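Colleague: Residue numbers (the working numbering), protein chains in the order written: chain F, 5 to 335; chain S, 8 to 170; chain Z, 1000 to 1498.
Simulated from the structure, these hints should not be mistaken for lab results. Every value quoted in this text rests on a predicted model; they were computed, and no experiment measured them. Be a bit skeptical, because a hint or two may be false.
Sample of chain F residues facing chain S (criterion: CB under 8 Å; computed from the structure) [claimed, not checked]:
(1) Q43
(2) I76
(3) Q169
Heads up, the beta-carbon is just placed ideally off N, CA and C, and yes, glycines get one too.
This is what each chain is made of:
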Amino acid sequence: MTRITRRAFAASTAAVATSAVLGLRPSHAQAAYPSRPIQLICPWGAGGGTDATARIVGGLLEKEFGQPVNVINRTGGSGVVGHAAIAAAVPDGYTIGIITVEISMMHWAGLTELTPKNYTPLALMNEDPPGIHVKADGPYKTVKDLADAIKAAPPGKFKCSGTGQGGIWHLALVGWMQAMGLPANQVAWVPSNGAAPAVQDLAAGGLDFCTCSVPEARAMIDAGKVRSLAIMAPQRAALFKDVPTLTEAMGVNYSTGAWRGFAGPKGLPQPIAEKLTATMKSVYDSAAYKDFMASRGFGTVWNDAAGYAAFMDEADKAMGVAMKAANLAKT
Amino acid sequence: MKLSDRVTGLFFCGLGGISAIAGSKLPPVPGQEIGPSVFPMVVGGAMALCGVMIAFGIGHKFEEEAEADLAAVGMSEPEPTRGPIYSLRLLVPPALLAFYVIAIDQLGFFLTAAAMVFVLSTMLGGRLRLSLPLALIAPIGLHLIFGKLLRVPLPAGLIPLPW
Amino acid sequence: MMNIISDAFGLVFTTDVMIAILLSSIYGLVVGSLPGLSATMATALLVPVTFYLSPIAAIATIISASAMAIFSGDIPGALLRIPGTPASAAYTDEAYAMTRKGQAELALGAGLWFSALGGIAGTLSLMLLAPPLAEIALQFSTYEYFWLAFLGLMCATLVARSSPVKAIVSMLLGLMISAVGMENAGGIPRFTFGLPDLLGGIEPIPALVGVFAVSELMRAMVSPEPPQLPRRKFGSILAGQLKLTKKYWWPMTRGNIVGIIIGVLPGAGADMAAWVSYAMSKRFSKEREKFGTGHVEGLVEAGASNNASLASGWVPALLFGVPGDTITAIAIGVLYMKGLNPGPTLFTEKASSMYALYIIFILANIIMIPLGIWMIRGASFVLRAPRAGIMPVILLCCAVGSFATGNSLFAILTVAAFGIMGYVMEANGYPVAAMVLGIVMGTMFEQSFVTSLIKSDGSLLPFFERPVSAVLAALAIGALAWPLLIWLWRRARPMPVRA
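Chain F with its partners taken away, still in its complex shape (with noise of 0.2 Å):
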């Protein structure tokens, strides 16, 4: 993160305070593709990581276009509202979105129409692999002595959290039960407003163990109350050196992430969705985003419109089979 230069501030602040009082705004010849400024629309809370994740991008495209870029949380239904609402905005560029791992999910369980498909994607930007996590006091040291007392255990017994029914991190634990051999309801799902509440939950021995991404839990690590024993990710996260993947660990190749990329509505125009994805490339690409996302711990990937199409395809299918699998799919 560069630091911003006290002078070089106090002239923003003067700057940006005169202009909102003036309600002045420097002028800009009606020119090429933005000439206003757009809207970036977050299907989620202000603070959360796909808020962040928007926010890094957003600023980072405002500075690239000259144009501001405003994010706009529309929240709700767990996040139904703000994906309907992108899919519903005028397909011309100045209204686009964030979507997350949801708008592969939420069609399946029958709580909305919209698919991959309602969208143009722009970007694959950021994906997070599940880790494992336990209290740091609790009797589990590895995955495997965690795993070997699920499989003792009578179904129902061990309780794990980590987001809503049906949420990612849910299946994420039914995907593991099911590498594992085991069937889908081994381990009963506690059912939580997020990921945070989760692992404070976990850490008051309220729960067994949580599936939630690294970063998600990382403040309760570094506190010494939780510890994470494996991640369900093909390599290990840069982040996160110590924490072994599930096949060092335990030999069950299993690996899932919830993803978070951009998009407009459905029909934008090709020159348009070009110029977002081409500046989104530059974006993807500048130490400021890198820098943003390591200090998270959020991993990066990237896949450009076509790419990021045929990524959805493959994961919306996967989900499908999985929910199926699980019995959260609506039949």
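Following the hints, put chains S and Z in place on chain F, whose structure we already have.
Modeller: Chains S and Z only, in chain F's frame:
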């Protein structure tokens, strides 16, 4: 709008009962014993119970005591006594909000807001000397605060403000 | 140690941080006082600005804006009976009654003075007791939260001057409203009537704005212009506050302590602290019958508790990255964005930044006093202005403010519907404040209840087994049984006839 306790009590009794029944009909969540139906059933049941108590006048005494205490310090408000047509004025504020929702996308923020302010101000007995300038200044001021400073997207519509 | 503290002063006393504190304080005061905008919104709308600031300046804007907004939510509550934040809904009627008695400056002065003192007390707890307080927070599993929410909901019967049964029904109605949407354990749409806008549930802010502001506007439509309050000089705002501090030092201290404890518990936050403290104040007051008629005691305790909880809410946020309330949830995002990752290392490796944060808290609560006095003086003109000039502006604020909570027009229709509902309830003796409490607490209540049952496989035993939950359960059941016993006792004896 003063209704008897019997009416409101029975209303809440019915509302609680309906919610509890509607709640119990919610589909169960696969793999969960306890799902979204528990809460409406508990709350609805309790509400129905309290509704019956109100209908039978339980706890009414406290209200009389409270009113007496308020009257003692000169705080109780007299019930307005005017005709039923006059009471329709009640609905003006909600109606203006509904007008805002309908009109904002076509007319834009400035016109819609100015119309709302003007109507309400006039109906509250404001003279033109007050309501006209207010209808001009209030939308501009709020647009500066919300649209500019807080970056709330307010549609420009027919009369875009010059910033 | 000394050079850490001098480093911290060096970090804070720079031009950019000072400008940031001043501007965001003014911003927080203005936004918090507008009906329809809460402290949470004020903070959320600041996030894009913090993007361009240095880490300390960014945190400073969040701290000062949220502290100011919580206080200034009291101003429209006291002057117009329109609370600015869910927290001030608890004692709006009290403060408004004081204004009607011609004591607006005392009511608002008490809010300002005890908020500032509470904020400083909360900061001290953050400085001196953060690790033990955080350990308390980690004792709280969903069982404890259930009892906590239960105790919070019981305050409904105490905050309103009305029949307790009607207060409970209003509270239950609020709980029922919070059940709308799909934020429930199963993620299943509930009571949405097929409307996609209801999937996200009904936000407390549009409901609050509707039942207080719009119903107040509706009453204004059919009642004659109230007689002008006698024209007199708006008295000194701080005069008398020292006397109140001496007279009510124990309620104030109790408010601070309750605020600190509730603030530390993730998920409870300032909204709940104000309700619990106001209710406690009434319960333990020697002059209970004066509550609701314009009595300052409850304002002292609730104000003291409000801002104390705001500061102590940072304890779990800073130590574990667990947000204490919606404001600290946003603050955590900003901390991460600025490289001040929450965790115990923040207290060791970034100690000077931590001390800088404490200093900012204290500073914000000190400059709250002069700025707040200006704000109160500026706002008090609404007491003299004609209704036709004020009410239209409030209506417009309601529309735009509630739109801004989720950028959806549906919120404005919600406000209108709640306005009608609030008017009818109020006319029939159902306290709307109790309903707001139900809506605010509903999600936490259901979530803790249902997840606890899931975890215990449907058994009620674990609700009483864990040590902290056993204590809370005893408190809750005691508090529930007490008025019942009183009632039975009163019924058993012949009632004295009231004049």
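Colleague: Give a verdict on every hint.
Modeller: So, going through the hints one by one against the coordinates:
1. For Q43 of chain F, the interface hint holds, since its Cβ comes within 8 Å of a Cβ in chain S; the closest pair sits about 6 Å apart.
2. A cut of 8 Å between beta carbons decides the hint on I76 of chain F: the least distance to chain S is about 7 Å, and the hint holds.
3. A cut of 8 Å between beta carbons decides the hint on Q169 of chain F: the least distance to chain S is about 6 Å, and the hint holds.
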